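Number of protein chains: 2
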Amino acid sequence: MAPRCEIFSQGEEIVTGQTVDSNAAWLSQQLIAAGFELTRHTAVGDHLEALVGLLIEISERADCCICTGGLGPTGDDLTAEAVAEAFGAPLEFDAEAMDQVESIFKLWNRPMPAVNRKQAYFPSGAVRIDNKWGTAPGFTVNHNGCQFYFLPGVPSEMKKMFQAGVFPQLQESFSLSPLKKVTFRTFGLGESAIQERIESIVFPEMVTVSFRAGLPEVELKLWFPPEQDQQEIEVLSSAIASALGNQLISVSDGFGPPKGIVEVVSELLTEKSHKVALLETVSSGLLASWCVTRPWLLESRVIPSSELLNRDFELEGCSETERALSLAKLVRQKSGADYGLVQLWSFDPSLLKEKRRSMELVTALSTCDGETHHITKVGGSLDRKQNIAAASLLNLLRFHLGTAY
Amino acid sequence: MAPRCEIFSQGEEIVTGQTVDSNAAWLSQQLIAAGFELTRHTAVGDHLEALVGLLIEISERADCCICTGGLGPTGDDLTAEAVAEAFGAPLEFDAEAMDQVESIFKLWNRPMPAVNRKQAYFPSGAVRIDNKWGTAPGFTVNHNGCQFYFLPGVPSEMKKMFQAGVFPQLQESFSLSPLKKVTFRTFGLGESAIQERIESIVFPEMVTVSFRAGLPEVELKLWFPPEQDQQEIEVLSSAIASALGNQLISVSDGFGPPKGIVEVVSELLTEKSHKVALLETVSSGLLASWCVTRPWLLESRVIPSSELLNRDFELEGCSETERALSLAKLVRQKSGADYGLVQLWSFDPSLLKEKRRSMELVTALSTCDGETHHITKVGGSLDRKQNIAAASLLNLLRFHLGTAY
Numbered sequence: 001m002a003p004r005c006e007i008f009s010q011g012e013e014i015v016t017g018q019t020v021d022s023n024a025a026w027l028s029q030q031l032i033a034a035g036f037e038l039t040r041h042t043a044v045g046d047h048l049e050a051l052v053g054l055l056i057e058i059s060e061r062a063d064c065c066i067c068t069g070g071l072g073p074t075g076d077d078l079t080a081e082a083v084a085e086a087f088g089a090p091l092e093f094d095a096e097a098m099d100q101v102e103s104i105f106k107l108w109n110r111p112m113p114a115v116n117r118k119q120a121y122f123p124s125g126a127v128r129i130d131n132k133w134g135t136a137p138g139f140t141v142n143h144n145g146c147q148f149y150f151l152p153g154v155p156s157e158m159k160k161m162f163q164a165g166v167f168p169q170l171q172e173s174f175s176l177s178p179l180k181k182v183t184f185r186t187f188g189l190g191e192s193a194i195q196e197r198i199e200s201i202v203f204p205e206m207v208t209v210s211f212r213a214g215l216p217e218v219e220l221k222l223w224f225p226p227e228q229d230q231q232e233i234e235v236l237s238s239a240i241a242s243a244l245g246n247q248l249i250s251v252s253d254g255f256g257p258p259k260g261i262v263e264v265v266s267e268l269l270t271e272k273s274h275k276v277a278l279l280e281t282v283s284s285g286l287l288a289s290w291c292v293t294r295p296w297l298l299e300s301r302v303i304p305s306s307e308l309l310n311r312d313f314e315l316e317g318c319s320e321t322e323r324a325l326s327l328a329k330l331v332r333q334k335s336g337a338d339y340g341l342v343q344l345w346s347f348d349p350s351l352l353k354e355k356r357r358s359m360e361l362v363t364a365l366s367t368c369d370g371e372t373h374h375i376t377k378v379g380g381s382l383d384r385k386q387n388i389a390a391a392s393l394l395n396l397l398r399f400h401l402g403t404a405y
Numbered sequence: 001m002a003p004r005c006e007i008f009s010q011g012e013e014i015v016t017g018q019t020v021d022s023n024a025a026w027l028s029q030q031l032i033a034a035g036f037e038l039t040r041h042t043a044v045g046d047h048l049e050a051l052v053g054l055l056i057e058i059s060e061r062a063d064c065c066i067c068t069g070g071l072g073p074t075g076d077d078l079t080a081e082a083v084a085e086a087f088g089a090p091l092e093f094d095a096e097a098m099d100q101v102e103s104i105f106k107l108w109n110r111p112m113p114a115v116n117r118k119q120a121y122f123p124s125g126a127v128r129i130d131n132k133w134g135t136a137p138g139f140t141v142n143h144n145g146c147q148f149y150f151l152p153g154v155p156s157e158m159k160k161m162f163q164a165g166v167f168p169q170l171q172e173s174f175s176l177s178p179l180k181k182v183t184f185r186t187f188g189l190g191e192s193a194i195q196e197r198i199e200s201i202v203f204p205e206m207v208t209v210s211f212r213a214g215l216p217e218v219e220l221k222l223w224f225p226p227e228q229d230q231q232e233i234e235v236l237s238s239a240i241a242s243a244l245g246n247q248l249i250s251v252s253d254g255f256g257p258p259k260g261i262v263e264v265v266s267e268l269l270t271e272k273s274h275k276v277a278l279l280e281t282v283s284s285g286l287l288a289s290w291c292v293t294r295p296w297l298l299e300s301r302v303i304p305s306s307e308l309l310n311r312d313f314e315l316e317g318c319s320e321t322e323r324a325l326s327l328a329k330l331v332r333q334k335s336g337a338d339y340g341l342v343q344l345w346s347f348d349p350s351l352l353k354e355k356r357r358s359m360e361l362v363t364a365l366s367t368c369d370g371e372t373h374h375i376t377k378v379g380g381s382l383d384r385k386q387n388i389a390a391a392s393l394l395n396l397l398r399f400h401l402g403t404a405y
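Chains as they are written, first to last, in the working numbering: chain W, 1 to 405; chain R, 1 to 405.
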């Protein structure tokens with residue numbers, strides 16, 4: 001049985017909704033991957049009585065608890081005091097912690113306010129967790145057989161302290177069997193379309209399948225029990241990869257995220273030192289903005305209206321497709337890039353704004369070997385249409401450069 | 001005393017961290033604004049025993065609870081069953097609810113799967129909350145003096161059902177005194193700079209001040225007790241507005257968010273039917289992407305390198321500022337727009353990528369009356385630099401068009 005873990009977030013800004021609690025989600029992902037069962041998230045404000053009650057409750061339910069927030073220097077920061085009261089462990093001064101807080105202020109070249117002295121007091125029996133990235137050291141205590149870890153609420157500090165100070169301790173203190181995970185990143189398929197594609201594949205019994213629909217990409221995640229045979233995982237993974245076909249952008253079998261479409265195309269372009277010139281319409285600069293600092297982006301033009309297009313380019317052909325192909329060629333030739341990548345549509349703004357109406361995108365690519373194109377239908381919100389349009393441009397180039405991930 | 005309210009989120013995807021629980025934050029904001037005290041958020045997975053225990057716990061602590069998730073048709077969706085068990089209220093079939101679910105499938109032109117019949121069973125004594133936007137009707141029950149509202153977890157459905165079906169009931173069932181709120185949206189000042197600017201202003205005793213640092217804008221929020229004198233609020237608000245000066249973009253004294261910089265500039269431009277041509281460097285198309293469907297955006301060019309800039313434009317002047325001013329003029333004249341808006345920098349990619357290094361942006365505006373410019377220093381992550389660069393372009397135009405909000 002996996003040990004049971006809870007997440008406890010402290011702070012008025014969480015419980016009043018001023019801040020979305022992304023710490024809880026991030027920590028849960030790390031802990032599930034490490035082999036814990038995640039049973040509950042709780043958030044309360046800065047009230048001593050509520051904190052004390054909750055700490056006792058959790059100690060009775062869970063084997064492990066990660067707590068964030070409430071370690072700052074001000075009167076609202078009550079975590080250490082609440083732990084002291086809940087677990088009958090009076091606060092004690094930790095001279096080494098005081099040195100660490102003082103040295104952070106020295107590093108910042110600022111005098112330490114007197115209130116920060118508070119951050120060096122921990123409940124008796126607690127073990128300090130060093131914070132090299134901010135002023136609030138954390139600590140860990142055990143009560144009722146539940147191991148508590150207290151970390152600051154600032155996400156960047158919390159994450160670094162978890163990785164450096166908590167994660168290694170968890171692996172020592174608990175008998176953990178980490179799950180195995182494979183993630184497939186796709187573009188051009190919705191969740192139900194992915195489900196249809198993989199319908200005929202037989203999955204081992206204990207696999208959990210989940211989806212993460214981002215914009216513009218959708219991820220398919222498989223979680224395997226720790227004892228799952230590695231070769232079986234590989235056979236299944238390649239069956240899924242075949243089923244996803246060209247729509248598969250990348251696969252990750254570690255716990256890091258798989259590469260996105262910008263990264264995949266960048267690697268292929270950088271290998272060849274090739275340059276790209278873009279002409280964006282519906283995406284309105286969104287693709288160029290994703291590619292900031294990418295050395296292969298030679299230039300991009302945003303053309304919001306057909307009037308401007310007709311003024312600046314003499315396009316041949318009567319169909320949208322013919323016009324897109326000739327435009328791609330012009331963009332490539334004018335810019336001197338290796339690839340010209342353009343997108344045309346009907347230039348009817350109402351189609352973009354109305355959620356219920358879908359629109360057709362004609363994407364065209366020009367290379368020294370000739371032109372190619374792709375037609376995509378896209379519906380939904382303006383945001384969705386803009387994101388799909390941007391990714392469709394890059395996706396045509398990905399097809400051309402080689403679809404192997 | 002304000003009634004105490006809790007948020008309860010159900011679902012494996014929340015507790016395992018696959019989904020960040022933004023529902024809880026959104027609901028908390030609505031409820032605080034309505035006059036509730038928010039005391040706790042809890043999330044658990046799809047386990048009957050955990051759900052039953054939690055429902056009983058909450059009924060003993062709170063006056064009101066909004067629950068999301070677990071109303072779908074599959075075996076994982078256990079909310080109605082858990083309520084039936086926890087509150088001793090066996091499930092009963094609701095023929096009207098069944099009609100509603102069926103009519104949604106008719107609207108979608110799809111046959112209703114048999115499993116969806118489950119969504120028409122509610123605990124005895126529950127009152128249905130209609131869902132016109134999806135298949136899962138909600139319901140409300142009272143237990144131990146706590147009024148529970150159960151809504152689906154899909155954010156778009158949940159929000160519409162809350163506004164149409166729950167909010168009016170809350171106002172009838174509870175004696176609420178909504179807080180008064182004023183929000184100031186700023187660009188170009190960090191939290192500590194805002195604090196310095198308003199330091200000498202005397203605030204009434206019971207005002208709560210909070211910040212929301214977005215990219216690229218920062219919001220300052222004031223919450224007043226319900227009984228606060230309206231004139232006092234207005235006097236304080238105008239003192240703050242003066243202190244924030246040109247950096248104030250907009251103010252909202254309702255519960256909607258204040259207008260962002262794109263909206264403010266759009267209104268000023270649309271009034272005059274003026275057109276803008278952009279040349280982006282550091283922002284790399286981000287500003288154009290924010291302005292999709294805005295009729296005043298004539299065109300935008302993204303120029304990532306100094307080579308391309310020198311190839312395409314003959315710029316006069318030796319300083320960066322002189323070059324930016326002449327470029328703005330060229331962009332305006334070539335495009336035929338009313339305003340030419342450009343930004344130059346040193347074109348050193350390492351400055352963009354390194355968090356610890358800051359960079360200088362020279363933003364220039366050309367109008368029929370001449371040219372003007374602005375110099376901004378910006379540090380931090382690539383994302384921050386790109387966002388500040390995009391907003392700085394628009395901000396120079398905002399200054400020119402009139403800074404009154």
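Rather than coming from a laboratory, the hints here were simulated on the basis of the structure.
Note that the structure is predicted; figures quoted are calculated from it, not measured.
Do not rely on the hints blindly, as some may be mistaken.
As the list claims (entries may be wrong) - Pairs of lysine-lysine residues, derived as DSSO-like cross-links and limited to a Cα-Cα distance of at most 27 Å, are as follows: (1) R:334 <-> R:355; (2) W:353 <-> R:355; (3) W:181 <-> W:118; (4) R:329 <-> W:353; (5) W:132 <-> R:118; (6) W:259 <-> W:334; (7) W:355 <-> R:106; (8) R:160 <-> W:259; (9) W:355 <-> R:353; (10) W:159 <-> R:329; (11) W:272 <-> R:353; (12) R:329 <-> W:334; (13) R:132 <-> R:160; (14) W:355 <-> R:329; (15) R:334 <-> W:275; (16) W:353 <-> R:377; (17) R:272 <-> R:159; (18) R:106 <-> R:159; (19) W:275 <-> R:353; (20) W:353 <-> R:160; (21) W:355 <-> W:329; (22) R:355 <-> R:377.
As the list claims (entries may be wrong) - Only part of the chain R face toward chain W is listed, based on derived beta-carbon distances under 8 Å: (23) 29; (24) 34; (25) 91; (26) 93; (27) 300; (28) 306; (29) 351; (30) 401.
Just so it is clear, CB atoms sit at the ideal spot from N, CA and C, and this is done for glycine as well.
> Among the hints numbered above, which are violated by the structure, and what are their numbers in rising order?
Replying inline: 1, 2, 3, 4, 5, 6, 8, 9, 10, 14, 16, 17, 21, 24, 25, 26, 28, 29 and 30
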